[in-house]
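Chemist: Chains A, B, C, D and E supply the protein sequences, listed in that same order. Numbering-wise, the numbering used here puts 65 at position 65 of the first sequence, and it's gapless, one number per residue. For any residue, its number in the numbering used here is found by taking its place in the second sequence, counting from 1, and adding 1000. For any residue, its number in the numbering used here is found by taking its place in the third sequence, counting from 1, and adding 2000. For any residue, its number in the numbering used here is found by taking its place in the fourth sequence, counting from 1, and adding 3000. For any residue, its number in the numbering used here is found by taking its place in the fifth sequence, counting from 1, and adding 4000.
Please note that the accuracy of each hint is not assured.
To be verified - Subject to a maximum C-alpha distance of 27 Å in a straight line, what follows is the list of computed DSSO-like cross-link-like pairs (lysine-lysine):
no. : chain 1 : residue 1 : chain 2 : residue 2
1   : B       : K1202     : E       : K4183
2   : D       : K3305     : D       : K3284
3   : A       : K62       : E       : K4124
4   : C       : K2005     : D       : K3124
5   : D       : K3276     : A       : K240
6   : B       : K1379     : B       : K1284
7   : D       : K3124     : C       : K2191
8   : C       : K2251     : B       : K1379
9   : A       : K4        : D       : K3276
10  : B       : K1114     : B       : K1387
11  : D       : K3143     : C       : K2005
12  : E       : K4122     : E       : K4213
13  : C       : K2191     : D       : K3096
14  : A       : K151      : E       : K4241
15  : D       : K3124     : C       : K2193
16  : B       : K1163     : E       : K4070
17  : B       : K1284     : B       : K1340
18  : E       : K4183     : B       : K1257
19  : A       : K62       : E       : K4122
20  : A       : K140      : D       : K3276
21  : B       : K1167     : B       : K1114
22  : C       : K2251     : B       : K1387
23  : B       : K1375     : C       : K2251
Source of the hints: derived by calculation from the structure; they are not laboratory data.
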Amino acid sequence: MDNKNILSVRDLSVNFRLRHGDLPAVRNVSFDLAQGERLGLVGESGAGKSVTGFSILGLVSKPGYIAGGQVLFQGVDLASMSQEQLRDIRGNRISMIFQDPMMTLNPVLTIGTQMVETLMAHRRITRRDAEIIALDKLRKVHISSPERRLKQYPHELSGGMRQRIVIAIALLTEPALIIADEPTTALDVTIQAEIMDLLLHLCRAERMGLILITHDLAVVSQVTERIAVMYAGTIVEMGKTADIIGYPSHPYTRGLLAALPQSANGRRLNQIPGSMPSLRSIPSGCAFQNRCSSCEEVCRGSVPILEPKQKGCLAACHLLD
Amino acid sequence: GCGEQKKEEAPKAESAVAGKTLRLAIDADPVSLDPHVQLSGGMLQYSHMVFDPLVRWTKDMKFEPRLAESWEQVDPTTLRFHLRKGVTFHSGNPFTAKDVAWTLARLKQAIDYKGLYEPFGEPVIVDDHTIDIKTVRPYGLTLNMCTYIFPMDSAFYTGTDDKGLPKDANVKTEYSFANGNESGTGPFMVTSYEPGQKWVLKRFPNYWDKDTGNVSEIVLTPITEDATRVAALLAGDVDWIMPVPPQDYARIRATEKVKLITMPGTRVITFQMNVNRVEAFKDKRVREAFVRAVNNVGIVQTIMKGDATPAFQNSPQGYAGHIADLAPLYDLEKAKQLMKDAGYEQGFTVSMIAPNNRYVNDEKIAQAVAAMLAKINVKVELRTMPKAQFWDEFDAQVADVQMIGWHADTEDSANYIEYLNACPNKETGWGQYNSANYCNAKVDELVLAAGGETDMAKRAAMLQEAERMLYDDFAFIPLHWQMLSWAASNKVANAEEIINVMDFPYFGDLNME
Amino acid sequence: MQFIKRFANSYLLFSFLRDPVAVTSFTVLLILGVASFAAPLIAPYSPYDMHTIELLDSEKPPVWQPGGDTRFVLGTDTQGRDMFSTMLYGMRVSILIGFGAVALQAAMGIIVGLLAGYRGGRIDSVLMRMADVQLSFSTYMVAIFFGALFQATFGMGAYADLAVPMLIVVIGFAEWPQYARTVRASVLAEKRKEYVEAAKVIGLSPTRIMWRHILPNTLTPVLVISTVQVANAIMSEAALSFIGLGMPVHKPSLGSLIKAGFDYIFSGSWWITIFPGIALVVLILSINLLGDWLRDFLNPKLYKG
Amino acid sequence: MRETLVSIQNVSKHFDISGGLLDQLSLSGGRLTRTRTLVRAVNSVSFDIRSGETLSVVGESGCGKSTLGRTVLGIYPPTDGTIHYRGRRIDNLPPKGWLPYRTRMQMVFQDPYASLNPRMPVRKILEEPVRFHNRGIKDNEVKDRVADVMLQVGVDPDWADRFPHEFSGGQRQRISIARALVVDPEFIVADEPIAALDVSIQAQILNLLMDAQESRGLTYLFISHDLSVVRHISTRVAVMYLGTLCELAPVKELFDNPRHPYTRALLSAIPRLGNKGFEHVRLKGEIPTPINLPEGCVFHGRCPKVHERCIKEVPIPVDHGGGVFVACHAAEEGLV
Amino acid sequence: MFAFIIRRISQAVLVMLVISVIGFAIKQNVGDPVREITGISVSAAEREQLRDQLGLNDPFPVQWARFLGKAVQGDLGNSFYFKRPALEVILSKAPATLELVLATSIIIVLLSVPMGIYAAVKPKSWLSRLFMGASIVGVSIPVFLTAILLIYIFSVGLGWLPSYGRGQLVTLFPGWDTGFLTKDGLLHLVMPSLALTSIMLPLFIRLIRAEMKEVLESEYIKFAIAKGLRPWRVLLVHGFKNTLMPVITVGGVQLGTMIAFTILTETVFQWKGMGSMFIEAVERADSSLMVAYLVFVGFVFVTVNTVVDLIYGLVNPMVRVAGRK
Ligand SMILES: Nc1ncnc2c1ncn2[C@@H]1O[C@H](COP(=O)(O)OP(=O)(O)OP(=O)(O)O)[C@@H](O)[C@H]1O
Ligand SMILES: Nc1ncnc2c1ncn2[C@@H]1O[C@H](COP(=O)(O)OP(=O)(O)OP(=O)(O)O)[C@@H](O)[C@H]1O
Ligand SMILES: [Mg+2]
Ligand SMILES: [Mg+2]
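Construct all of the structure, not just a fragment, from the sequences and the given hints.
Modeler: Written as structure tokens, this is what we have:
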């Protein structure tokens, strides 16, 4: 494969072991990420975006397990690593940013502690030096009077500030890749704009890869270079941002874009009927078949695979050729 | 802070050097160091350890000289005592007749004793070691009462303490000098005490009686819980326990390293049938039926495990009023017949109260009696309660049938009848515990007369007659005399010799291996 | 009918049947409960019937021991009462008190918790201060207080007859704050939910919203703590009886049976205390196990007050 | 112009969160002082809602949108100001007096999971308001009415006996709307009714709301922070900041020509499909809490156009013509 | 802070007022102390006189007012039995109870923390199941039964451990004799503290497990793992520190329960602390001591809970800044 790719996810499947059997949350997901590239992962709630993001670092929580596939990071397969080995990667080569900054920071530890411990887990470094690095990163994310912040507790800060601190923590070890799982959904638009702006600039400046997980197509389109659209556990379409936004090919992507209220003129919005099937009862064949207006026999028969369609996009649909 | 840690000498380590330690567990410890603060078994046990009486009872209810070497009846109201010479108090003061007079005067002031010493007049000091004890009228129990005269160190107890309070004050509920300090002539001195927790008594080195026991130290621990007390003995944590719960007699008897000593006691357990509350009790046949329905021999055998003496009268054996040949009364058929005759074939309902922590197995006995009365169709509403609440209820006579146990402070038959069976009389105080309201003038007369009688044989005859009257009249439901019991480890050599029917073992005489 | 169907198909039943511990403890509990309430039918003797009690039968060991009597399978106590019968009756008293006390606790706690949580403000602070004060005394303290008080006010006379209701009141009273706090906490959580607002917008009265809408949603934690509380109540009763403030010996509960036998444990008559002891432990254990399962199943985040 | 349905005048809503008397007391400088802590959630807001229109309220989290909506519906009594419904004053009515208005004014909530009572089957949820407001109504009538509404919102009436947890989020929101519609209201406060829903479902619910408005002639007070949605469905838009009204304008006017500096910042921050990067108006500082409201214009601490007057003087909404009201000194002085 | 202190003080005062009233009501009824301090043959008149002297014949409110008046000056009355001020008696018994509670608490802390954490981290392992099973059996056995069984097995049966009392004591400083410093004292401590532990430990294991489980599911734990921290740091620093708060709160409330359980434990083991003193005082109708004990325990309870709340504030930064809600 292309050696420029720092991350290659190959046929990744993640299941949740539940009382009534396994629940396939992510099915055969594959994508690549080049050095410094920004990829957006979009889709509805429950589409498997977060699980995909978490499984890269082996973080899927308890009943979940990686049922198959590889996660090649700089050529090594993370999916087959032990937790102990993964610890060297986590927070070091790959950092994560979570959705809710209220919940991500430990309420009983100071910001300083939570930053320093990350550095000390990965570098042979004194506390003093770790603090100096921490201060530097806090400045990078435009936190005012960073010295004071180190001694503060999370609840003493506003939501936007907290999320910037989470980003600062992610930057501490100068990772090659940041996975951001809905980093702004809990925040207001004005703050969202700030945070996204910050992330974008940092990634550009430090040549860090970014996987941005969100359900907001607009946000993704402003930040990332490529977009992967997920539906019911699989990627249904992937391609350059401008292509996906401008010329969506998969019916789901098209429907999604059409459903967005974009102007004051159209009264009725284009709606996709029904809702995403529960993972327990994904229909055989194309998962989107029941909501697709142009569903045909072939869609019920076999699962469409993700393959290049017109305009260089990859799409998983039987009806496009 | 705790910078300077003063290590208290460990009792065990010390005793190994100095001699024998007796670890003693009692159900309740003495309430004070002042022997006059309360008249109770515990205080008398204490008094015999720390003080010496003028005379004391022997095991077979004879008088044994202690601080009085000898005595003679000078006239019907005067008893002359020749006191032992060379005796010193724990304080070092010499013991003289003055101390006896002082002690007697104090006894006459003490709430618990003033009644008992009411017949006593001013004593006359003849010389340092001779004293005449006077009574205001001829009195048959003068010597009995002298067993309660434990001479106290008059010099030691005179004056005021550092709080400015008189040292001789006899105070029941608060601090007093005498409550916290002692100076007696007895075999042991109190070296430390924490009420309810632990007492340490050391041998008094100048004790006058040289050829006696070898115990050099007593560590007394109160253990209220019966089972725990027994367990402590069995586990070897203590050497001597008293009392022993009857249910554990068998086990202790069966255990190698410990021994059980029992002795028929003098505390009689009875039920009183209140004639004022239940009309039927005025009918002698009903009373008889009740008495006959109760299988007190059975109770002794089962609940008391045979370790009690079935009673048909108040006075135990050895007491003047005791009648040796009274027949057992239990006869269920006859009882039923009597009920029928009295017109109560269908029975009736009575209320009954009993304490649940005062006498041995009190609650179970009451239950058993209730069950027995059920057989003659008497429905018993039984309530049992802790002794703290019992006495008020008893005095208020809240129930038709009430349990009471009695031990004569004077070790004499008259005392039982005076308190339990005499016609209630507020002025004389007689019949204070007669919740049956039973009243038989003849009995009262006999007992009153016996009080002034100094001829012991005549006196006994009068008391026996009174007892027989009560027996014939079915005045109360007699149950049994409680067994006294002690248990000791085999380290204790002469346990049998030091115990007595009054339940104050003479630990001064104890020998240990 | 539909309810039964719903229940039969429910996940509750399904997961219950799949958990052997739950099934076993439920069965045991059911047997104990039925046996004790059918005691007059099952028990060979009645410990309340003085006529049948023979003192001479006392302290008979269980049948399999030397000296055992076939009439008394588990032996007799010091009064000659059949242990088996006495235990059945005793268990009935224990269960009655346990459930009665919890019913009382729950009723008081729910009313107070609901009022405090829903009304808030002054009522809330007054009620919760009361609960704080009440909690400052532990159950045993309260029970000792009231036990002594009851004994004293009603005199011992009525005591034996009143002992059961008294213990129910005492134990019930001692623990209502547990419920009040739990209910209040969940009311506070529920109150903020939008369905309550929806009910307000409909125009329903506060009382109706409280009882019809909020209350049913607070019952899950109530159910969960109830199992623990029943076990605790039975245990409290036993402890009270053990220190002499509970059931009188002639109307025994398991606790007073244990107490009555305690003095005999070293003398070899172990069955007088051990059998009721086992019965008590099995009873409490099965309730606790069942409660554990229920908690795991319902898994409500028990609101901390 | 259409008639005014709801008229809100100088409405303020303050919450006293100082707790009991004890919590209000504090020792300062050796003296006992009593301080009350007020959350000034809504401060002197005035506007009219006209019959048949959709008036949207936008603003950032905590700016008092929901509080305003609830105050209008009488869930919170206003601290100050008056509310009229069809010319009748309603804010001071006793609970009984509110009853007739309960069928006219209804509400749809944000969280489809919390807005339905989990212990009630859908039938009960929908029937309760009907029965409550129509004493003695016949059973079939209730059933029919509920079935009608269910059909209208697109939920199969056969499912009425199910409990809320058996439905998906979108369906629950439909049921929630059905509950509002079942009493046949004319005015609905929709408090972020789509914020918790997925994009594809959002469109369904928005369509449903718009259809219902059309067929029943409803008036909406639509609360949202999603500006693109607001732009899509509103007739007029009110922008709030820290409990005060910044700007009120017809939707087109507001989006094409925002006048208040805050409105501008807000609009510039909306993510737009296909834009590269962010060119939003950066605001300095953080949103103050409504507990310590700044003096003067509440926005002055963050405003790029701030000048002296803003710090001292509270701006009042000024008519800029064309139905545009702006509360800003700078806009008033033509500096924007 | 100010409100917190005032509230606590007023709560303490209220608690103690209530206790004193109830205590007094019982005192009136628990029995006649005069009976207990006089011999049985003392005449009724003498007794009445003594009762007058002790003020026991005054009406309830008078007695109560007198009690309050003195209590304000720190005088809780005089124990009839000990013939000393009740407070003094209680203080002299307090070390025994405190040592028992302390030993128990130490065992509980040492065991419940690792066991609770383990059971939360590995809920399915057999060891966790064992812990949880044992703990549920533990709470199901009444403390007095446990105590009896312990004595039966270890003292009477095996003879390994002393059956009663505190054993050999060493004076730590005047007023405090400790059993912690001698082998004998420690041996005596084993069974009573085990009995007490058996009922309290399960509670804490379950609490810690439940809290820990909840915390482990939180986002910040996930974040801590994602930062690549070592597992022990994630568990102890990030997980347990957050678990600590509810545990501390419950711990404070449980102290009341523990004190109540000491009554039973001390009675069975004849541990001469406040608990057995109280039971004995009830038996002896030593009413002043009873009331004093109840008031004292109420005071201890309120104090401990206040301290717990203060500690809570130290651990939980949110409380520290905001002041208690
Ligand atoms: N711990 C878990 N146990 C069981 N199922 C889980 C668990 N976590 C996730 N799932 C399932 O995996 C599926 C995908 O979840 P995921 O969190 O990846 O969705 P998402 O696309 O991130 O959605 P959202 O936008 O809501 O975050 C969901 O259907 C969910 O039910
Ligand atoms: N019942 C209440 N008691 C105290 N404060 C309240 C209450 N309700 C709301 N507030 C406060 O009032 C302010 C405005 O709240 P409101 O819910 O109206 O904001 P909002 O604009 O709806 O925010 P969001 O977008 O988050 O829903 C907030 O600071 C909130 O904390
Ligand atoms: Mg997600
Ligand atoms: Mg809101």
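Chemist: Against the earlier hints, flag every one the structure doesn't satisfy and list their numbers going up.
Modeler: Checked against the structure, no hint fails, so every one of them is satisfied.
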